[in-house]
Amino acid sequence: MGEVLVSLKGADVVSSKDFTRPMVERVFEVADEALRSPERFSGSLSGKRVALLFVEPSTRTYSSFHVAARKMGADVLPLVDPEMTSLAKGESLYDTLKMIEGYGVDCIVMRHPARGAARYAADVVRVPVINAGSGSQEHPTQSLLDAYTIRRKRGSIDGLRIGFLGDLRFSRTVPSLVYTLSLFKDVTMHFIAPPALQVRPEVELHLRKRGVSYDKVEKQSEIPRVVGELDVLYVTRLQKERFPDPSEYERLKGSYRVDMELLSNARPTLGVMHPLPRVDELDPEVDGTPHAWYFEQASYGLPVRMALYHLILGG
Amino acid sequence: MEEGLLVRKIDWGTVIDHIPAWRADRVLRLIDAEQLAKDPEVSVIVLKNVPSRKYGRKDVIKLYHHHMSRTDAALVKLIYPTVTVNYIRDWKVEKYQPELPDVIEGRVRCPEVTCISNSKRDPVVRRFRVLKEDGYIQCYYCDAIVEFSSIPDLAVA
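In order, the protein sequence lines correspond to chains A and B. Position one of the first sequence corresponds to residue 1 (this note's numbering), numbered consecutively onward. Position one of the second sequence corresponds to residue 1 (this note's numbering), numbered consecutively onward.
These are calculated hints, taken from the structure and not from any lab test. Be a bit skeptical, because a hint or two may be false.
[Said to hold, decoys possible] In silico DSSO-like links for lysine-lysine, alpha-carbon gap of 27 Å or less:
(1) B:Lys92 - B:Lys38
(2) B:Lys120 - A:Lys98
(3) A:Lys185 - A:Lys17
(4) B:Lys48 - B:Lys77
(5) A:Lys209 - B:Lys77
(6) B:Lys132 - A:Lys216
(7) B:Lys120 - B:Lys54
(8) B:Lys54 - B:Lys77
(9) B:Lys132 - A:Lys209
(10) B:Lys9 - B:Lys48
(11) B:Lys132 - A:Lys17
(12) B:Lys77 - B:Lys38
(13) B:Lys95 - B:Lys9
(14) A:Lys71 - A:Lys9
(15) A:Lys17 - A:Lys153
Just chain A, same shape as in the assembly:
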């Protein structure tokens, strides 16, 4: 996207690093409109064809892209099960993309297990590519709905103190949200994770270059104090298979669990977010408290993806 400021017409959405603040705010405005008057968007993509190429499992992302496209009147070409696509037969991603483009689609929404697959796809085809998850690299549209949630709940993102907790190294939502939040003023970030699961070096480099204030919280004993200072706590799954030593996982999982005991340290206004699905890291007891933002967060997937379609394909 490079130089794009506000207009997203015909643009790829590959990485949150490509976003600008005016562009993100434009997505928020249109998402507000989609929430307020969804009927205004019905039929707005009539005659457009959207391909959903999902080479990895997905529930929320796939369904929200699918429902958004249908609500707006687009034809949807679902290529969801890798067994059904020629990729399973050893076809290259290049050939698959060229084949899809040949069907006259106006946009390709793609999830793929390889890091960098979205950038590659955007170079291969002429139509816009929307990255719906590129391995452990990025999930830029999730970051838009995450940031939109914060903006809806708090009115503004500027000046907030945001903690990221869990597996920050292999999570694709964390880098994208970090890049998107780094566009806002005076945001402070705390990365709460054991050293093996800390935020990736390129994410840190990005923050240093943008002059964003951040720190890494690696001692378990510090977690309650840090949580007590936060406006938002973004929780990700701690995946057992990521630990070289399974006993290390067993030892750590309790410390990275968000429950009422941990939240007893929190400010009353703290919002807890999670890209879902959750496993053990977020106690269902939290669901009934004002801290729980995550189901509302998930619900914004639809208006935000409608806004993206509108700005990229319509308008």
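Given chain A, put chain B in place with the hints provided.
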């Protein structure tokens, strides 16, 4: 003791000079010196830890009957800024000052095994942006960063 006392001058080829001491092997890997074996006329002379007026000790590589590409010269300079490259033609010396590249294509593989550029199925051209001020190269596709000093470990033919 000057290097000239150890190895005679060459009339045609490339002299890669002022390599930090004991780093010549990494430079050879970087420039894929093995492919030079295909040319029976080429000799490679490697000097390690020889005295240097400027740096105390240094390595020197002479590629006899071979002119290293300017792209490779730039890549070597990126990793070892002290390096100078001289092209020799009929005893005449051209002192070449490589400009640091903005992009490196093809010569370095991404350290991320799950990066699309390491896919065996897809014809992806490996590509890195050079972040000169930060001392890293960054994969164009997956954003992984590599310190300049680690580039020789990732060199590909």
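Taking the hints in turn, this is what the structure says about them:
1. B:Lys92 - B:Lys38: holds, 26 Å
2. B:Lys120 - A:Lys98: holds, 18 Å
3. A:Lys185 - A:Lys17: holds, 16 Å
4. B:Lys48 - B:Lys77: holds, 18 Å
5. A:Lys209 - B:Lys77: Answer holds: Lys209 of chain A to Lys77 of chain B is near 24 Å, not above 27 Å.
6. B:Lys132 - A:Lys216: holds, 26 Å
7. B:Lys120 - B:Lys54: violated, 46 Å
8. B:Lys54 - B:Lys77: holds, 17 Å
9. B:Lys132 - A:Lys209: Given that 27 Å is the threshold and the Cα spacing comes to 13 Å, the pair holds.
10. B:Lys9 - B:Lys48: holds, 16 Å
11. B:Lys132 - A:Lys17: holds, 19 Å
12. B:Lys77 - B:Lys38: Roughly 25 Å separates the two Cα atoms, so the pair holds.
13. B:Lys95 - B:Lys9: Holds, because 15 Å separates the two Cα atoms, which is no more than 27 Å.
14. A:Lys71 - A:Lys9: holds, 19 Å
15. A:Lys17 - A:Lys153: Holds. Lys17 of chain A to Lys153 of chain A sits at ~24 Å (cutoff 27 Å).
The structure shown violates just one earlier hint, number 7.
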